[in-house]
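Peer 1: Everything in the sequence shown is counted per my numbering, starting at 38 for the first residue and increasing by one.
One or more hints might be untrue.
Unchecked claim - Calculated cross-link-like contacts (lysine to aspartate or glutamate; reagent style DMTMM-like; alpha-carbon spacing at most 20 Å):
#1 K329 <-> D314
#2 K169 <-> D150
#3 K169 <-> E157
Since the hints were made in silico from the structure, they are not lab data.
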Amino acid sequence: MALEETLRAVLSQTATAPAALTKGFLTGLRTALDALPAGPGTAELAADLDAVLAAPEPQRPVAVASAASPLREALLDLAERIAPGSTSPAHDEGVLWTAVHLNALRLSRRDADLVRRAAEEAALRAGARPGKPGAAVTLPGPKDERLIPALKVGGRTVAPGLAVGVGGAPQTGGPVPADLAAFAAMVPVLAGLDPGLHHCLQALEFSGLRGLAEPAALTGYVGQLNQRLEEVAGRPRHSGPWLESVVRLHEALCSVVHLPPAPEDSWWGEWRIACNDALSDAALDSGAGTVKFPPGRYRSAGDLTRHDIAIHYPERPGQVLACVRAWSSVHGIETPGRVIYAS
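Turn these sequences into a full structure, and let the hints steer you where they fit.
Peer 2: Written out as structure tokens, the structure is:
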């Protein structure tokens, strides 16, 4: 079967994990092409991707396990406990398995481990094979980590799996700080898979948040992210303009959040901290300016931030939940930071 026919067959299996993962990757690739200079074959590739991503012709879905199966019910319960209202009656075991593990990334490491263990035990009780085969897709990163284990039910892979691997991690020493480059490769893929993600990139959404599940929102966001990556890569390292572009790249990455934003001891929170550290190191290395991150109490932020976003979160009133743009001063020009805080 030709590649295009294979892709269409996978995408036609709506509400399945393979379709969601494939669509996320193809959509990210198509958006990235718009932000890159034209080259040999790029126009043809873009046209082919447009054709594949167009609504597929109706096709009989592949057989899935019973909607009332014990595994499906267990995964449904886990997914709804983490993110109420995030599931649909059309979701099969593969989609729910993927949703549970994506949702676990927004929990504290301890809670995430408990959720993953519960999902694995439910799969084993049902005779499924979690983690077999290995993840179909591996993203570049600073350490080996399995984000979504593959899942096989009745001899058929219903969730292809997603991992991070150090083998393909961006090389250090280039203009783009390594952790920012690695996270920039992950975010578009995760945004295409996780309907709970939003962005508040002020260049696109001046005063609020927008769900990245909307195709237009994801396209606009990925375009901005790629543009900011190019800005960093195209400027002399450690110069003032380079530091300004790193601040803008940091903003693009840290503007992707759940509601409420994931805590610092979650997978997403740890990456926010890594991005903050990368930006601080860039400022120190360049010597062209300084950056600051607002304190934990919103009332203490003072003049460090502007156009902040308040969300109703009674569990942590008055707390800064996420810094989505650092305060910066480059060659004496100050740019205010921005946060999401609990009202």
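Peer 1: Give me the numbers of the hints this structure contradicts, sorted from smallest to largest.
Peer 2: No numbers; nothing is violated.
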